[in-house]
Amino acid sequence: MRNRTKMLILIVLALVSTALYLFQGLNGSYDYALPRRGIKVLAMALTGVAIAYSTVIFQTITHNRILTPSVMGLDSLYMLLQTFIYYFFGSMSILVINKNYNFFISVIAMIVFALVLYRLLFNSGKRPIYFLLLVGIILGTFMGSITTFLQVLIDPNEFTSLQNKMFASFNNVNGDLVWLAMIIIVLSVLYGWRTIRELDVLSLGRDNAINLGVDYDKIVKRMLVLSAILIATSTALVGPITFFGLIVANLSYQFFNTYKHSVLITGASVMSLVALIGGQWIVERIFTFDTTLSVIINFLGGIYFIYLLLKESRTTS
Amino acid sequence: MKKRYLVIALVALSFLSLFVGVTRISPMDLLDFTSEETQIFLISRVPRLIAIILAGAGMSIAGLIMQSLSRNKFVSPTTAGTLDATRLGILISMLLFTNATYVQKLSFAFIFALAGTFLFMQILNRIKFKDAIFVPLVGLMFGNILASITTFFAYKSNIIQNITVWLQGDFSLILKGRYELLYISVPVLIVAYLFANRFTVAGMGEDFAKNLGLSYKKVLNLGLVLVALITTTVVLTVGMIPFLGLIIPNIVSIFKGDHLEKTLPHTALLGVVFLLICDILGRILIFPYEIPISMTVGVIGSAIFLFLLFRGKAYA
Numbered sequence: 483m484r485n486r487t488k489m490l491i492l493i494v495l496a497l498v499s500t501a502l503y504l505f506q507g508l509n510g511s512y513d514y515a516l517p518r519r520g521i522k523v524l525a526m527a528l529t530g531v532a533i534a535y536s537t538v539i540f541q542t543i544t545h546n547r548i549l550t551p552s553v554m555g556l557d558s559l560y561m562l563l564q565t566f567i568y569y570f571f572g573s574m575s576i577l578v579i580n581k582n583y584n585f586f587i588s589v590i591a592m593i594v595f596a597l598v599l600y601r602l603l604f605n606s607g608k609r610p611i612y613f614l615l616l617v618g619i620i621l622g623t624f625m626g627s628i629t630t631f632l633q634v635l636i637d638p639n640e641f642t643s644l645q646n647k648m649f650a651s652f653n654n655v656n657g658d659l660v661w662l663a664m665i666i667i668v669l670s671v672l673y674g675w676r677t678i679r680e681l682d683v684l685s686l687g688r689d690n691a692i693n694l695g696v697d698y699d700k701i702v703k704r705m706l707v708l709s710a711i712l713i714a715t716s717t718a719l720v721g722p723i724t725f726f727g728l729i730v731a732n733l734s735y736q737f738f739n740t741y742k743h744s745v746l747i748t749g750a751s752v753m754s755l756v757a758l759i760g761g762q763w764i765v766e767r768i769f770t771f772d773t774t775l776s777v778i779i780n781f782l783g784g785i786y787f788i789y790l791l792l793k794e795s796r797t798t799s
Numbered sequence: 363m364k365k366r367y368l369v370i371a372l373v374a375l376s377f378l379s380l381f382v383g384v385t386r387i388s389p390m391d392l393l394d395f396t397s398e399e400t401q402i403f404l405i406s407r408v409p410r411l412i413a414i415i416l417a418g419a420g421m422s423i424a425g426l427i428m429q430s431l432s433r434n435k436f437v438s439p440t441t442a443g444t445l446d447a448t449r450l451g452i453l454i455s456m457l458l459f460t461n462a463t464y465v466q467k468l469s470f471a472f473i474f475a476l477a478g479t480f481l482f483m484q485i486l487n488r489i490k491f492k493d494a495i496f497v498p499l500v501g502l503m504f505g506n507i508l509a510s511i512t513t514f515f516a517y518k519s520n521i522i523q524n525i526t527v528w529l530q531g532d533f534s535l536i537l538k539g540r541y542e543l544l545y546i547s548v549p550v551l552i553v554a555y556l557f558a559n560r561f562t563v564a565g566m567g568e569d570f571a572k573n574l575g576l577s578y579k580k581v582l583n584l585g586l587v588l589v590a591l592i593t594t595t596v597v598l599t600v601g602m603i604p605f606l607g608l609i610i611p612n613i614v615s616i617f618k619g620d621h622l623e624k625t626l627p628h629t630a631l632l633g634v635v636f637l638l639i640c641d642i643l644g645r646i647l648i649f650p651y652e653i654p655i656s657m658t659v660g661v662i663g664s665a666i667f668l669f670l671l672f673r674g675k676a677y678a
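Sequences listed follow chains W and B, in order.
Each residue of the first sequence is one higher than the last, beginning at 483 in our numbering.
Each residue of the second sequence is one higher than the last, beginning at 363 in our numbering.
Derived by calculation from the structure, the hints in this document are not laboratory data.
Among the hints, a few may not be true.
[To be verified] Residues from chain B shown here face chain W by an in silico Cβ test under 10 Å; the list is partial:
#1 Ala374
#2 Ser376
#3 Leu380
#4 Phe381
#5 Gly383
#6 Thr385
#7 Leu404
#8 Phe436
#9 Ser455
#10 Phe459
#11 Thr460
#12 Thr463
#13 Val500
#14 Phe515
#15 Asn520
#16 Ala665
[Stated by the list, open to error] Chain B is nowhere near these chain W residues, computed Cβ spacing over 12 Å in every case:
#17 Ala501
#18 Leu549
#19 Lys581
#20 Leu602
#21 Leu616
#22 Met648
#23 Leu728
#24 Phe737
#25 Val777
#26 Ile778
Yeah, the Cβ is synthetic: ideal placement off N, Cα and C, and Gly gets one too.
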């Protein structure tokens, strides 16, 4: 099967799941249900594309297929921030009720965190990129222990409300925020698309890339910032889905046997549309909200990850 | 770093630990055997001190054994998924048996900790590219995944906050009758000391160890069983204490090298001293309340770990 055919099949699948999600069981309430479902589909599409795109470029930069940008402490920062707000201001504070404030604070905090981290590490001499990741994860553990401490102290009723923030959810996405997030994500993707061919070269390794005339360090920095912006936006919009990017990126590598990033990224994005919209359809209509999609995705993603690790030789390439 | 100074610090801090707390207890009160102070002393303070000593020594030794066996200075129960595996085991034992007894929890947690650590070692064996920093990265991801599986089940049964509560490392709940499980680590530590030389040899690599006539597999398995036992007992009684097994062996190996028989006592002592300092700090900082140990160790520990990382590759 050629890649074009595969891509076509995926696109059809994505369209089918979108149609199913939008129109199944509508019972003629076009004015009420359709716009609401439309917003949710849009939110899922944005999150899917943002996560798929940032994970693929992140994995190319790090030359590693088992890492995702959100393990760098961004998720932990988000959780710490939300726990902090709930603990000190309560679930009725303006910072929780007004979703715009919450969104802006989260996005800005995460991006600033990523920028400071990169700046610190790139300025402190030549260090391997794994070093950066390890520092990110350690900071994540650091923030995690503060989060745990606050979560234990928090009132159980408030915690139930905070728990909604701990798992990505598409059920109460704010309409205005979706448009805003769309602007950020579309602009970032367009900006990144210009360097998509350089990414193909980058995957040959640092020395080869420099030999071929690519400004390696500059592009790596730029792409790291780009992936941080994308992840920050999608996390602030719906919540953390740590392992989702891992699944779609790796499925895309397996499915499309190519090194062209334009194909890989598009493939991963379409796959994430199928997974999110189709998955949400199954969770909503078949399991009738028995569990949240992100918990299932993290669970499946985790098992897939262990499988990837155990599958020899492909683990690091 | 002389052993003598560590012992002096240990005795001084232990003494301090016994007499710091909400109820003021002076040594004179203890002369009266029936007084309230003596009761508190015997039921709460002494068990707490013993628990800190056993947990501190145990977790540091567990880290030391793991680092020696995996030949990587950044591996420890925190960075290899052992803690998360233990947590998953406890959760599953609680879900399977509505009133899980201590023995059931212990055995389940032990099996999971052992399986988790073993799986991680298997993964390490299969990875061809062994960068000193890449290995803990894999371990941390592995731990994250086990945690996400735990979350999956916990979410279904609506006990997420409960899990957070009872796995947070905290010595304030240690009372007489609730910590005795930790005594298991005493024989474990003795065995670890007896086999120290073999662990050192095993740390030189499989081929080299076999050349020297060591049954590598057996020593490796023994080491993993010891680590799993220590981690399980500590997690069940105290809760998670992050980073302890990571930092202490690293600091000791800077001064003392990698000969386990020589570094083992130092590691155990330094682990206890560090944990005592953290615990006393946690009790003093927001007196009369307490900051749980996992938070103090987590914050101080990650700072020290970052410092070790930034210091460069001299010993990594």
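How the hints compare with the structure:
1. A cut of 10 Å between beta carbons decides the hint on B/Ala374: the least distance to chain W is about 27 Å, and the hint is violated.
2. Restraint check, B/Ser376 versus chain W: the minimum CB separation of about 25 Å is more than 10 Å; hint violated.
3. A hinted interface residue such as B/Leu380 counts as satisfied when its beta carbon comes closer than 10 Å to some beta carbon of chain W; here the least separation is about 25 Å, so the hint is violated.
4. Given hint, B/Phe381 at the interface with chain W, is violated; its Cβ is 26 Å from that chain's nearest Cβ, farther than 10 Å.
5. Annotation: B/Gly383 was flagged as interfacial toward chain W, and the flag is violated, the nearest CB pair being 20 Å apart, outside 10 Å.
6. The interface hint given for B/Thr385 is violated, since its Cβ lies 23 Å from the closest Cβ of chain W, which is over the 10 Å cut-off.
7. Because the smallest distance between the Cβ of B/Leu404 and any Cβ of chain W comes to about 28 Å, over 10 Å, the interface hint for this residue is violated.
8. At a threshold of 10 Å, the smallest CB-CB gap from B/Phe436 to chain W is about 8 Å, leaving the interface hint in force.
9. With a least beta-carbon distance of about 19 Å to chain W, the hint placing B/Ser455 at the interface is violated under the 10 Å criterion.
10. Nearest Cβ of chain W to the Cβ of B/Phe459: about 23 Å, over the 10 Å cut. The hint is violated.
11. Nearest Cβ of chain W to the Cβ of B/Thr460: about 21 Å, over the 10 Å cut. The hint is violated.
12. Of the supplied interface hints, the one on B/Thr463 is violated, with its beta-carbon coming no nearer than about 25 Å to a beta-carbon of chain W, more than 10 Å.
13. Because the smallest distance between the Cβ of B/Val500 and any Cβ of chain W comes to about 7 Å, under 10 Å, the interface hint for this residue holds.
14. Look at B/Phe515: its Cβ gets to within about 9 Å of chain W, closer than 10 Å, so that hint holds up.
15. Annotation: interface hint on B/Asn520 holds; nearest CB of chain W at approximately 9 Å, less than 10 Å.
16. The beta carbon of B/Ala665 is positioned within 10 Å of a beta carbon in chain W (closest approach about 8 Å), and the interface hint is therefore held.
17. Every beta carbon of chain B lies more than 12 Å from that of W/Ala501, the smallest distance being close to 30 Å; the non-interface claim holds.
18. Here W/Leu549 does not stay apart from chain B, with its beta-carbon only about 7 Å from theirs, under the 12 Å limit.
19. With a cut of 12 Å on Cβ distances, W/Lys581 stays outside the contact zone with chain B, its closest approach being about 23 Å.
20. With a closest Cβ-Cβ approach of about 10 Å to chain B, W/Leu602 is found to fall inside the 12 Å limit, against its non-interface label.
21. Under the 12 Å C-beta cut-off, the non-interface status given to W/Leu616 relative to chain B is violated; the minimum distance is some 5 Å.
22. Distance check on W/Met648: its Cβ comes as close as 8 Å (rounded) to a Cβ of chain B, failing to clear the 12 Å threshold; non-interface status is violated.
23. Distance to chain B contradicts W/Leu728 as a non-interface residue, since its nearest Cβ pair spans about 9 Å, not more than 12 Å.
24. Against chain B, the non-interface label of W/Phe737 holds: every CB pair exceeds 12 Å, the least being about 22 Å.
25. A beta-carbon of chain B is positioned within 12 Å of the beta-carbon of W/Val777; the least distance is around 5 Å.
26. Annotated as non-interface, W/Ile778 brings its C-beta within 12 Å of a C-beta of chain B; the closest such distance is 7 Å.
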